[in-house]
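J.: Residue numbers (the working numbering), protein chains in the order written: chain A, 1 to 163; chain B, 1 to 136.
Check before you lean on any hint, since a few could be wrong.
Claimed, not checked - Only pairs whose alpha carbons sit at most 20 Å apart, straight line, appear in this in silico DMTMM-like list of lysine to aspartate or glutamate:
(1) B:K114 - A:E106
(2) A:K41 - B:D108
(3) B:K56 - B:D23
(4) A:K119 - B:E116
(5) A:K131 - A:E106
(6) B:K114 - A:E115
(7) A:K41 - A:E14
(8) A:K119 - B:D23
(9) A:K131 - B:E112
(10) A:K70 - B:E100
(11) A:K119 - B:E112
(12) B:K83 - A:D73
(13) A:K41 - B:D15
(14) A:K131 - B:D15
(15) A:K131 - A:E14
(16) A:K119 - B:D15
(17) A:K41 - B:E111
Stated by the list, open to error - Per label pair, the in silico range of CB-to-CB distance:
(18) B:D107 - A:V87: 18 to 28 Å
(19) A:V61 - B:A48: 50 to 60 Å
(20) A:Q8 - B:A48: 45 to 55 Å
(21) B:D23 - A:D99: 50 to 60 Å
(22) B:A48 - A:E38: 54 to 64 Å
(23) A:P12 - B:A73: 48 to 58 Å
(24) B:G104 - A:R84: 56 to 66 Å
(25) A:G105 - B:E45: 13 to 23 Å
(26) B:H69 - A:E38: 12 to 22 Å
FYI, nobody ran anything at the bench for these hints, they're computed from the structure. All values reported here derive from a predicted model rather than from experimental measurement. Ideal placement from N, C-alpha and C gives every residue a C-beta, glycine not left out.
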Amino acid sequence: MTNVGALQITTPSEREIRFERAFSAPRPLVYDAYTRPELVKRWLGAMPGWSWAVCEMDVRVGGAYRWVWKGPDGSEMGMGGTYREVVPGERIVNTEKFDQAWYEGEAVATVVFSERAGKTTVTTSILYVSKEVRDGVLESPAAGGMEMGYQVLDALLASESAS
Amino acid sequence: MNTHGHGQPPAARLDATFAALADPTRRAILARLARGEASVRELAEPFAMSQPAISKHLKVLERAGLISHGRDAQRRPRRLEAKPLAEANKWIERYRQFWELSFGRLDDLLEELKAEQSTQGRTRKSGATKQKGKGR
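Make a model of the complete structure from these sequences and hints.
T.: Below, the structure is given as structure tokens:
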């Protein structure tokens with residue numbers, strides 16, 4: 001059971017990271033919001049100051065998608081891939097690669113939509129090419145698991161704000 | 001397409017940074033250097049490692065631009081270089097924010113879609129059953 005609003009991150013197998021998030025809406029609506037570009041553009045990549053540069057999605061097996069955002073400083077962040085499996089309303093499997101990915105190889109994302117009592121849980125499993133790559137991704141503060149950064153970064157920020 | 005400058009393309013620079021950060025000893029070295037510069041001997045002390053082994057780690061960190069060494073010929077103190085780490089963190093921070101903020105916005109969008117649907121009455125079947133993906 002996932003509470004609406006809480007983002008859960010787990011590692012179900014050696015090469016995987018799984019994100020789970022529940023929404024208080026019926027499944028067809030959530031699926032639409034994930035697959036129609038005009039809706040996707042309204043929520044995905046909502047970083048303050050960032051805007052869409054490219055949002056192209058050809059949601060069918062073999063179709064491609066390409067997402068690019070533009071930041072306030074003019075820098076771009078992009079990602080894309082192709083759809084391997086599309087079961088409308090239920091399940092999407094696609095490859096994914098960030099333009100600036102620090103990990104090797106293309107990852108494969110499986111997105112599953114399931115509804116219970118009017119709430120829809122979206123489970124996204126991302127399969128990386130190896131355990132090492134997965135661990136590298138997990139070790140980043142992105143997943144909240146990294147012991148590296150905080151002391152170092154606290155010190156950096158302290159010295160930066162002091163100077 | 002990404003023009004951050006500084007010679008190396010940003011993706012390659014981030015690769016080097018993340019590869020250097022992938023090792024716990026190297027992260028511990030960075031944490032130590034965050035408190036102030038230190039010589040190889042001083043850096044080797046807290047680890048059960050020889051100075052050559054530590055030097056190897058220092059070389060990786062230096063190549064990634066994460067540390068540099070001072071002028072003092074004898075001690076050659078190593079110090080932390082803030083910029084690559086800050087850049088790596090900026091990227092990671094974006095990644096995490098990306099999902100949390102996006103999902104928050106999706107909550108709002110879904111509320112809107114639900115409201116729209118209820119005003120459109122019950123004659124219409126919703127969303128995916130209409131095979132919207134094919135049209136557009």
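J.: Which of the numbered hints above does this structure break?
T.: Going through the list in order, the structure violates hints 1, 7, 8, 9, 13, 16, 20, 21, 24, 25 and 26 and respects the others.
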